[in-house]
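Q: Chain order of the listed sequences is H and V. If you count the first sequence from 1, position 99 lands on 99 in our numbering, and the numbers rise without skipping. Take any residue in the second sequence, note its place counting from 1, add 301, and you have its number in our numbering.
Note that these hints are calculated values from the structure, not bench results. Don't take every hint at face value.
Derived coverage of chain V by chain H (criterion: at least 3 residues anywhere in the stretch with Cβ under 8 Å from a Cβ of chain H; other residues may be distant) [unchecked claim]:
#, stretch
1, 344-355
2, 367-373
3, 426-440
4, 515-527
5, 549-558
Everything numeric in this text was worked out from a predicted model, so none of it was measured. Glycine included, C-beta positions come from ideal geometry on N, C-alpha and C.
Listed here are the chains, written in short residue letters.
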Amino acid sequence: MTVEAADTPSVPTAEAADPPVIPTAKRPTGREVIYRHSLVVRLTHWINVLVISLLLMSGLNIFNAYPRLHWGQFGADFDKAWLEMAALGPSADHAKGVVRIAGHPFTTTGVFGVSKDAHGVSVVQGFPSWATLPSQRDLATARRWHFFLAWLFVINGAVYFLFALVNGHLRRDLAPSGADLRPRNIVRSIVDHIRLKHPVGEEAKRYNILQKLAYLAVIFLILPAMILTGLAMSPGFDSLAPWLVDVFGGRPSARSIHFISANLIVLFVIVHVVEVFLAGVWNEIRSMITGRYVIRTEHGA
Amino acid sequence: MTGGMFSRRGLLGAGAAGAGGLLLSGCDRLSASPSFQKFIATSGGDLTFDAQRLLLAGQPLAREFKASQISPVFKSNGTSHPESDDYDALAKDGFVNWRLAVDGLVGRPRQFSLADLKAMPSRTQITRHDCVEGWSAIGGWTGVPLGHLLRKVGLRPNARYVVLRCADDLEASLDGSGLYYESIDLFDAFHPQTILAYAMNGAPLAIPHGAPLRLRVERQLGYKQAKYVMRIEVVDRIDRIQGGKGGYWEDRGYAWYAGI
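With these hints in hand, go ahead and build the complete structure from the sequences.
A: Encoded structure:
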């Protein structure tokens, strides 16, 4: 994060195009513009937004072909499922949608199990049409999308990872420092998050510890887990690396972990977007488009 | 002033929702376009095929399991009993009159009885069957390695694919266009675990699982494991057979290479 204009009390030129949001009288006296996100980070971020959204939606269509999840080396219709979406009833129009988790049924009519398609017709399927790609049940097309996107995702991720390593983004911005990891700092960060308090001044130039941990968990745990569990579901790849299947406890287990990891990504995105809104939606989005981020150097107004 | 914020925020929300909607309908329209289908199939599908062929060049074996790991119930998928009088007549006599025709680009085309196949060297393997839908079942298979059979009849130099013609008309078509068939190339045909199985879990192959003979091409998904095999045809190209995509499900949109 290169400091571009330090401690400029007036509006920097980079800000000229930005419509005034806060009246000048109330504007904090200190306003600084930093270059927060490099071009590679910005590009790979937005490619990821598109690619992961479509991977998720095509993945849900693939899930719908067999909306049951198992643990172990095998798992089919007659074997115990830990998660299952089903429809109970004589016809789609009069069916009750049910999600069973560890045997406990939850009624989910309208969303999971039974839902209306784009034409308002009730259909029996796990995830609803509005969440899947293609919107109608089409395993063959969904698989083509999914594997095409998976290549884009892996290439995009490799570009990001190499850049982050070489350019120092990883070490400088993401790796927690000793001070970050002090229990007192972690507790303070948790309290700040609960109070929805966002840092200003120097502190706003760095990611806070919870933010760093969340990004690191996604980059180094969840996204790699998606790729590895995905590969473990390929019977071809399994012959090359049977140990990978064993790491997850079997192909049905890998499919379950793939599903859980996808849910964790959705959870991360929800929190991420909520934080963007809380921290200042325009400033945050602009920083991911142009790279420039405005720091308030003191508590204004 | 905050009003301005909110309207802009509202605009952003509406924009995002609109973009999402456009994205969805756009993707559906793209999915329906044959040229885009071809684009994602060739760029993604061919890349996957090439990458796996490179990685599997050493012909590693699919994981084999212990007898104790066999699925209590092995799901029968697709056809569970071919609807044809000819097939029923064969089944009634325990398939003694059944013959496997091996022809096409081979040196010595001929027919094999079940007894002929059982007299050949056999291989038994307990493997995992992965359906394209997402479920898996473990079962034990005994049969003759396809490579052995192909060497016996001899391949002509231009032989490239092995086509398996089946007895089941999955679509119940009148013109035979719904007859099940599959194809694999010689890379998979000569893999040691590629067998024509006549027994499952120690018993003669049952009708729901493809009696009297089915293909096991481990390292690929379930729809490649053709059941009720009646004829093996060796060809140089597959694009002139039935729908031209190399298999029943391939003609209906699924990828010919099912290693993923």
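Q: Against this structure, judge whether each hint is valid.
A: Cross-check of the supplied hints:
With 6 residues having a beta carbon nearer than 8 Å to a beta carbon of chain H, the stretch 344-355 of chain V meets the requirement of three or more and the stated coverage holds. Here's how the stretch 367-373 of chain V fares: 3 of its residues keep a CB closer than 8 Å to some CB of chain H, so the rule of at least three is met and the hint holds. Counting residues of the stretch 426-440 of chain V whose beta-carbon sits less than 8 Å from any beta-carbon of chain H gives 10, enough to reach three: the coverage restraint holds. Judged by the Cβ-Cβ criterion of 8 Å, the stretch 515-527 of chain V is covered by chain H as claimed, because 4 of its residues qualify and three suffice.
Only when three residues or more bring their CB closer than 8 Å to a CB of chain H does the claim for the stretch 549-558 of chain V stand; here the count is 5, and the claim holds.
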